[in-house]
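Read top to bottom, the protein sequences are chains A and B.
First residue of the first sequence: 1, per our numbering; consecutive thereafter.
First residue of the second sequence: 228, per our numbering; consecutive thereafter.
Since the hints were derived computationally from the structure, they do not count as laboratory data.
Note that this is a predicted model, so its numbers are computed, not measured.
Be aware that one or more of the hints could be misleading.
[Claimed, not checked] Restraint ranges, calculated between C-beta atoms of paired labels, are given here:
1) B:526 / A:67: 45 to 53 Å
2) B:525 / A:64: 58 to 66 Å
3) B:248 / A:124: 39 to 47 Å
4) B:232 / A:67: 54 to 62 Å
5) B:240 / A:172: 23 to 31 Å
6) B:240 / A:206: 41 to 49 Å
7) A:172 / B:250: 24 to 32 Å
8) A:202 / B:250: 40 to 48 Å
9) B:248 / A:11: 49 to 57 Å
10) B:474 / A:68: 51 to 59 Å
11) B:533 / A:19: 53 to 61 Å
[Stated by the list, open to error] Here are the simulated DSSO-like pairs of lysine-lysine, each with C-alpha atoms no more than 30 Å apart in a straight line:
12) A:135 / B:236
13) B:335 / B:384
14) B:236 / B:250
15) A:135 / B:335
Beta carbons: idealized from backbone N, C-alpha and C, even for Gly.
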Amino acid sequence: MIELTEVSKVFHEGRPNQCQALREVSLTLERGGITVFRGPSGSGKTTLLTLVGCLARPTAGRIRLDGQLLSNLPERFLTEVRRHTFGFVFQQFNLIRGLTVLENVMLPAYPLGRPYRELRAAAQILLEQFGIGEKADNRIEWLSGGEAQRTALARALINDPVMVIADEPTANLDSARSREVLTLLGELALQGRTILISSHDPLVFAANHVKRLIELRDGCIAGDCPC
Amino acid sequence: MSTFLERQKYLIDYTLSALRRRKARNLGLLLVYTLLVFLFSSVLLLSQGLRREAAALLQDAPDVIVQRLIAGRHDLLPAAWLEPLRRIRGVGAVHGRLWGYYYDPVVKANYTVMVAPERGLATHDILIGATLARIRQLGIGDYFSLPAATGQALPLKVVGILDSASELLSADLLLLSEAGYRSLFNPPPNTFTDAVLTVRNPREARTVAEKIALALPGSRPILRAEMLRTYDAVFNWREGMVFVTLSAVLLAFVILAWDQAAGLSAEEQREIGILKAIGWETGDILRMKLWEGALLSLTAFLTGYVLAYWQVFYGGARLFAPVLKGWAVLYPDFRLTPAVDVQQVLALLAVTVLPYIVATLIPIWRAATTDPDAVMRG
C-alpha cells in the first residue's frame, strides 16, 4: 500500500521560473489492479508518479510504502527500493540506442550482479511472453513503436517488481498498438502486480482491469472514482 | 564476491559498448592520449637508456684522471708529473694520455682524436668511429688527409672501424699513434693532455685524489664517479628541458580531457538519466565512468609505451635523439639495450594517467548525479 500525506512538489524553488507541480496531495493506493491518473498536461500526473516511484523526493509531505517512510531515505536506499519495487515504462520508451533488445531488457539487473546465463534466460522468457522473442538480437533502432513499448515493458519487469509505473504508455502508439500494450498491462495486473498509469488517452480509461481513475488538475486531486 | 565480480563484468561490458557507440569521439581522445604517453615515454626511455649506456661504458674508464690547470683552464700536463703521481701511496699504474678535438670543415664537425698506444698503430694508421666512417664514406684501407698544425697535409690510412657497440662514445672518435698525434697537432715535446691512473683500492679513490691535489698544486684530479655524475646531470638537464616543453602538451591534453568529460552530449546525459531511472545508483554510474576512464587510459598507456619502447630501442630513437643523444655534431647511431624499469613506468603513469583522472573526475561526478526523474520529465 502506498500512502501520500500532504505531498507537494516545487520545481526551481526560489528562482523566477519556480513551478508548483503538486499541492498537498493526500492519497492511498491499494495493491493490485490498474490505477489511472488522468488530467491535462501540467496537471501533475507525471510528477506524482515520479514521487511514488522514488525517482524524486517531495518538497513537502510524506510518502509511505507498506508503512515504510520513503520521503526521507538517502539516495542509496531509495534506489534499492526503486530497483526492487518498481518497474518503469516511459512515454518516449527511453531505450538505449546502439544496444540490442535483449541488452536493453537486461540493463536494470546489471547492478544486482545476477549470473549472466540466468539473467539472459529471464530476459528471453519475458521477450517471448511479449511476442518479440525473435527480435532479441535486433538493435532497438530497428523496432516499431509497439515493439519498442513491449521491450520497455519487458525491461520494467526484469527485476520482478510488484508495481509497474507507466507514464503515458500509449502516447506514441496507434490504437491497435495501444490496445496491445493495455492488454499486456491488464495481464500483469491479473498476475497480482499493481499498475499505475498516467494518461489522457480515453483508450486507457476504458481498458479492462482499471479499478480506479484519479483526476488531477493544477496539482490537486480533482476527482477519484472507482471503476 | 561472485556478485561483486559479476557486477564489475556487467559494468565493463556496458562501458565497452558505450565506448563503441561513441567511436569517433573516443578514438580521437585515445589517439591524443596515446600520442602524449608516446612522447613522454620516448623521452624517459631514451634518456634513461643513455644514462645506462654511459654508465656501462664508464665502467672501463680509469679510476682517476689528472689534468693540469692554469688560471682555471685546462693546460698540457708535463711528463715530469708522472713520476710524482706514481709515488703517491695507493696509486697503481700511471700513464699520460694524448687527445684533443679536430675540426673538420668538410663535414663541419669536431672529431675526438686520441692516441691509442695499445693498438700498436703506425704513424699514419688510424682507427675511426662508425659514424665518422659513414659521414666521410671511408672504409678499411682508404686514405684521407687532414691539414696538420704545421700547415702540411697529413696523410692517414684507415686500418679499422671501431666497434658499433661502443658507438655512444666512439661515434666521432679517431684513434692514432703518438707519432701521428704529434705530427697532427704539434704539441710541445714531453707533454700530455692529461694523465690516467688506477687506484689499488677503489674505495680510496677520493683520498688518493686529495693527496694528488696536495702533491701537485695546479692539478685537478677527476674521479670516475664524478664523470658518471656529470653524464647524469647532462641527461637530467636535457630530459628536464624536453619535459618543460612537453608540459604544454600535457596541459593541452588535460584541457581536452576536461572538455570531453564535461561536455557530455545530450544523448549521454539522457542515457545516464535512463540508467538511474531503471535502477542504477550514482555509484554504479560513477563506477561505469571510472571503468571507461581506466579502459581508455590503460589502452592509451600500453599502446603509447609499447610504441615508444619500439621507437627508442628498435627504431633508432629518431624523435628525440637530436635533443637527448648528441653532444657533438656527429650523432652516434646505436641501439640502446632494451630495459623496463618499474619505477619509471610508475612515474609515467603518474605523469599521464593521473592528470586525466583528475581532469575527468568532477565532470563525471556531475553527470552521475543527474536526477533520475529528468527522464520522466522529458
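Here's how the hints hold up against the structure:
Remark: the range hint 45 to 53 Å for residue 526 of chain B to residue 67 of chain A is upheld by a beta-carbon distance near 51 Å. Against the hinted window of 58 to 66 Å, the Cβ-Cβ separation of residue 525 of chain B and residue 64 of chain A comes to about 47 Å, which falls outside the hint. For residue 248 of chain B paired with residue 124 of chain A, a C-beta distance near 23 Å fails the hint of 39 to 47 Å. With their beta carbons about 36 Å apart, residue 232 of chain B and residue 67 of chain A fall outside the hinted range of 54 to 62 Å.
Between residue 240 of chain B and residue 172 of chain A the Cβ separation comes to about 29 Å, which falls inside the hinted range of 23 to 31 Å. About 43 Å separates the C-beta atoms of residue 240 of chain B and residue 206 of chain A, a value consistent with the hinted range of 41 to 49 Å. Distance hint check for residue 172 of chain A and residue 250 of chain B: the Cβ-Cβ separation is about 29 Å, which falls inside the suggested range of 24 to 32 Å. A C-beta distance of roughly 45 Å is found between residue 202 of chain A and residue 250 of chain B, which places it inside the suggested range of 40 to 48 Å.
Distance hint check for residue 248 of chain B and residue 11 of chain A: the Cβ-Cβ separation is about 31 Å, which falls outside the suggested range of 49 to 57 Å. Separated by about 55 Å at the C-beta atoms, residue 474 of chain B and residue 68 of chain A satisfy the suggested range of 51 to 59 Å. For residue 533 of chain B paired with residue 19 of chain A, a C-beta distance near 56 Å keeps the hint of 53 to 61 Å intact. Restraint check for residue 135 of chain A and residue 236 of chain B: satisfied, since their Cα atoms lie roughly 24 Å apart, inside the 30 Å limit.
Straight-line distance between C-alpha atoms of residue 335 of chain B and residue 384 of chain B comes to about 21 Å, which keeps the hinted pair within the 30 Å bound. For the suggested pair residue 236 of chain B and residue 250 of chain B, the alpha carbons sit about 21 Å apart, so the restraint of at most 30 Å is met. Restraint check for residue 135 of chain A and residue 335 of chain B: the C-alpha separation of about 75 Å exceeds 30 Å, so the hint is violated.
Checked against the numbered hints given earlier, the structure breaks hints 2, 3, 4, 9 and 15 and satisfies all the rest.
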